Amino acid sequence: MSGVSKRYGGVTALKEADLSVTPGRIHAVLGENGAGKSTLIKIMAGVVAPDEGMITLDGKPVSFATPAAANAAGIVCVFQELSLIPDLTAADNIIISNPPQRFGMIDRKAQRALAEQALAAAGTADIHPFALVRDLSLSRRQMVEIAKALARRPRVLILDEATSALTAADVRNVFGVIKRLRAEGTAIVYISHRMHEIAELADDCTVFRNGRKIATYAAGSKTDTEVVELMIGREYKNVFPPKSTAARPETPALSCRNLSWSGRLNDISFSLHAGEVVGLGGLDGQGQRELLLAMFGVLRGVTGQIEVAGKPASLADPEAAKSGAAAMALIPEDRKIEGLMLPMSIAENLCFAALDRVSSRGIIDRSKQAERVAAMIELLKIKVVDPDLPVSSLSGGNQQKVVIAKWLMNDPRIVLLNDPMRGIDVGTKQELYALLRKLADEGVAILFYSTDYDELIGCCDRVMVMYDGAIVRTLEGDAITEHALVASALNISEAPPA
Amino acid sequence: MKDWRYWLAENKNTLVAIALFLFMFIIYASNHPAGFTANVVQTSANKATLLAFVAMAQAIVIITAGIDLSVGMILTLANCLASWIVVGTMGETLLGIAGVLLAGALCGALNGLIVIFGRLQPIVTTIATGAMFYGVALLLRPFPGGSVNETLADAMTGKLFGIFPASFAALIAVILVVWVPYSRSAIGRAAYAAGSAEQAAYMSGMPVRLAKFTAYVLSGLLSAIGGLYLTFFSYTGEAAYASGSTYTLFSIAAVVLGGVSLMGGRGSAIGAVFGALAFRTIGDLLFVFDFDPLWQPLFQGVVLLLAVSISAVGLLRVRNKLEWFP
Numbered sequence: 001m002s003g004v005s006k007r008y009g010g011v012t013a014l015k016e017a018d019l020s021v022t023p024g025r026i027h028a029v030l031g032e033n034g035a036g037k038s039t040l041i042k043i044m045a046g047v048v049a050p051d052e053g054m055i056t057l058d059g060k061p062v063s064f065a066t067p068a069a070a071n072a073a074g075i076v077c078v079f080q081e082l083s084l085i086p087d088l089t090a091a092d093n094i095i096i097s098n099p100p101q102r103f104g105m106i107d108r109k110a111q112r113a114l115a116e117q118a119l120a121a122a123g124t125a126d127i128h129p130f131a132l133v134r135d136l137s138l139s140r141r142q143m144v145e146i147a148k149a150l151a152r153r154p155r156v157l158i159l160d161e162a163t164s165a166l167t168a169a170d171v172r173n174v175f176g177v178i179k180r181l182r183a184e185g186t187a188i189v190y191i192s193h194r195m196h197e198i199a200e201l202a203d204d205c206t207v208f209r210n211g212r213k214i215a216t217y218a219a220g221s222k223t224d225t226e227v228v229e230l231m232i233g234r235e236y237k238n239v240f241p242p243k244s245t246a247a248r249p250e251t252p253a254l255s256c257r258n259l260s261w262s263g264r265l266n267d268i269s270f271s272l273h274a275g276e277v278v279g280l281g282g283l284d285g286q287g288q289r290e291l292l293l294a295m296f297g298v299l300r301g302v303t304g305q306i307e308v309a310g311k312p313a314s315l316a317d318p319e320a321a322k323s324g325a326a327a328m329a330l331i332p333e334d335r336k337i338e339g340l341m342l343p344m345s346i347a348e349n350l351c352f353a354a355l356d357r358v359s360s361r362g363i364i365d366r367s368k369q370a371e372r373v374a375a376m377i378e379l380l381k382i383k384v385v386d387p388d389l390p391v392s393s394l395s396g397g398n399q400q401k402v403v404i405a406k407w408l409m410n411d412p413r414i415v416l417l418n419d420p421m422r423g424i425d426v427g428t429k430q431e432l433y434a435l436l437r438k439l440a441d442e443g444v445a446i447l448f449y450s451t452d453y454d455e456l457i458g459c460c461d462r463v464m465v466m467y468d469g470a471i472v473r474t475l476e477g478d479a480i481t482e483h484a485l486v487a488s489a490l491n492i493s494e495a496p497p498a
Numbered sequence: 499m500k501d502w503r504y505w506l507a508e509n510k511n512t513l514v515a516i517a518l519f520l521f522m523f524i525i526y527a528s529n530h531p532a533g534f535t536a537n538v539v540q541t542s543a544n545k546a547t548l549l550a551f552v553a554m555a556q557a558i559v560i561i562t563a564g565i566d567l568s569v570g571m572i573l574t575l576a577n578c579l580a581s582w583i584v585v586g587t588m589g590e591t592l593l594g595i596a597g598v599l600l601a602g603a604l605c606g607a608l609n610g611l612i613v614i615f616g617r618l619q620p621i622v623t624t625i626a627t628g629a630m631f632y633g634v635a636l637l638l639r640p641f642p643g644g645s646v647n648e649t650l651a652d653a654m655t656g657k658l659f660g661i662f663p664a665s666f667a668a669l670i671a672v673i674l675v676v677w678v679p680y681s682r683s684a685i686g687r688a689a690y691a692a693g694s695a696e697q698a699a700y701m702s703g704m705p706v707r708l709a710k711f712t713a714y715v716l717s718g719l720l721s722a723i724g725g726l727y728l729t730f731f732s733y734t735g736e737a738a739y740a741s742g743s744t745y746t747l748f749s750i751a752a753v754v755l756g757g758v759s760l761m762g763g764r765g766s767a768i769g770a771v772f773g774a775l776a777f778r779t780i781g782d783l784l785f786v787f788d789f790d791p792l793w794q795p796l797f798q799g800v801v802l803l804l805a806v807s808i809s810a811v812g813l814l815r816v817r818n819k820l821e822w823f824p
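Residue numbers (the numbering used here), protein chains in the order written: chain A, 1 to 498; chain B, 499 to 824.
Hints are not guaranteed to be accurate.
Unchecked claim - Here chain B is said to cover these stretches of chain A; the calculated rule only asks that three of the stretch's residues, wherever they fall, bring their Cβ under 8 Å from a Cβ of chain B:
(1) 83-89
(2) 128-137
(3) 352-361
In short, the hints are calculated from the structure, not lab data. Computed from a prediction, not measured in an experiment: that's the story for all the values here. The C-beta atom is built at its ideal place from N, Cα and C for all residues, glycine as well.
Take these sequences, add in the hints, and give me the full structure.
Structure below.
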């Protein structure tokens, strides 16, 4: 691939990227969240089309309109988000793109034999070919996904975080398979956040950052510290408000003890104080989202205790969480699905979390609503032509302001934020950072999950880093550095340089 | 686990539907004043066959996570058309049957094209096209009338070898000729995949569009077979709006009773057929126990609600409440 670029709206996801992979070698691709790795492989696999640049295969330029076209050319990708059909069997899924047929019908016997071959090649003969995918555990599904890729006899195999859901034994298996494929002359692109996996497998490494290729080097020629430095780069803008140094009250506004849930959250304990902005860090999908949902009463079967202002609280659902002493608010990750009723008006959306505050005896008081809506629009400087227009008419940044304002209208004591700044322009971000700090200074406790390390460093008094459903490290004050964050997120114990 | 246990798990819903039907039918037949005779079976089969065809049609579309609210109107249209052209000599009659089936398939193809290329929602599309099909039916038969080749009609609704109901044999033949090859073809598998996880199906390079189109065409075809059978029973054609709408609604009820998931991706048309048979048996049960026929809608509703409740039990196990709102 050379000079490949891709833009989504105004956001450049990938800029003039180059990558070349050689048969019989494993090429590791590294980078932070949002560095452009996913876009890169989506282009290679024919899922999205590049805006610029070209892809050559065996020296000939190619372009793939669909994933099927890429597959036909021998490029097969094991995606991070599984591409399996839950209601079909393992065998159906493995042989999905090209099942053996007789008289126009799928030859089930032949299919079963092929599926068994592929499962054996992936080292997972324990999965029955007739098992429904939806009945398999996440790690078994991942193995089916790998078997499916093998069944297509790839010339270029792309593995995107393919081991993230696997057990240690499966990882050994998969490594064996990958090494065998390399020996057989397959070109392999390997994306992982696990440094020791890359150290074991990779022949070449390429680092991406902010959608650009930063460096390509032979594996083993750089130390972990140097690699981390390449990944985080040196871009730092002073968009953050000064942190507060005021003393915090003795009793925490909220404390969690030994929270666990369904194997995805493991024994989490921490407290939040009024006036504090506490960050949640780590790689994507280490349980941060589940932790916020557990606190907000969305998950069932959570064990452990939650105390609000020193007293045990039972937060059975979002309605309980937002009312009473907790007065919690959760700013969701996907504002379009969990935050806004897009076709309804800005004013209506602003009032959804605090309807009891603008109504009397169950009837919404139009004048009270108009008053509070105007106050919120003023406070957050939401750029609104008319509050009665649908909220979908606003830009992304202003929509996000509406989501936040909706919760502020309920006067929350505890605000949970689930990576709220994604896809928002820098100016709006800066205003929201200032707003968070202002809320904290007014005595609100804030828990802020972000995938952007700069944000965690700039906004937070403390940062708790999660890995595999547990808090592995808590960084405080000056200890919150990019080095420390990246190293903790990868769960490598190496001490950061001074 | 053994192979057959996986097979059982995969086909659990269909087997439950078959068991439900057998349970109800045995109660019915053992309490029937005439006992379990060929005549009792023939009468039940004739009543249930129509709904069974329409339920199959509905199931095939619902498996792709769509819905076809025009099935009842395609049936009505086929009935009106058949009352004009399924007449005369054997050759003319056969040609007429082919014409009726072709018309049904074309109706289905129109639905499919609009849903796939117009990207309109199936529910709205098929309400609209259903009204159009009914309009054509009215033009064909402003008043009830027409006729059908009675020799053929009697043969298709009578008994084979004096025992086995012919309508049932036709139903089995259609399942073997249409459903079995379809469900085992690559297209049929793509249809299940599209209903289960359309994005994953696309990412796996499956022919998603062709599969959905085929599903709508088959739905039209099967509804037209239902319309032919209506003509064989009634010897006449009638553009009856209420009857068309009722078939559409009952087809959805039968599909649900038959263990096909309304979310798509799960179940089989065979389950839907048994769902239809079970749904029809409710009325017969009321008859043998001497209930006033006025009770029938109430009982059908209760049975349907109970069946749906059973399939909702899985929601009690959900650990993340957001999964309640797909």
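- Message: How does the stretch 352-361 of chain A fare against chain B when you require at least three residues with a CB closer than 8 Å, holds or violated?
- Response: With 0 residues in contact (Cβ-Cβ under 8 Å with chain B), the coverage given for the stretch 352-361 of chain A is violated.
- Counting residues of the stretch 128-137 of chain A whose CB is closer than 8 Å to a CB in chain B, do you get three or more? holds (count 5)
- Coverage of the stretch 83-89 of chain A by chain B (three or more Cβ within 8 Å): n = 7 at 8 Å, threshold three: holds.
Checked against the numbered hints above, the structure violates only hint 3.
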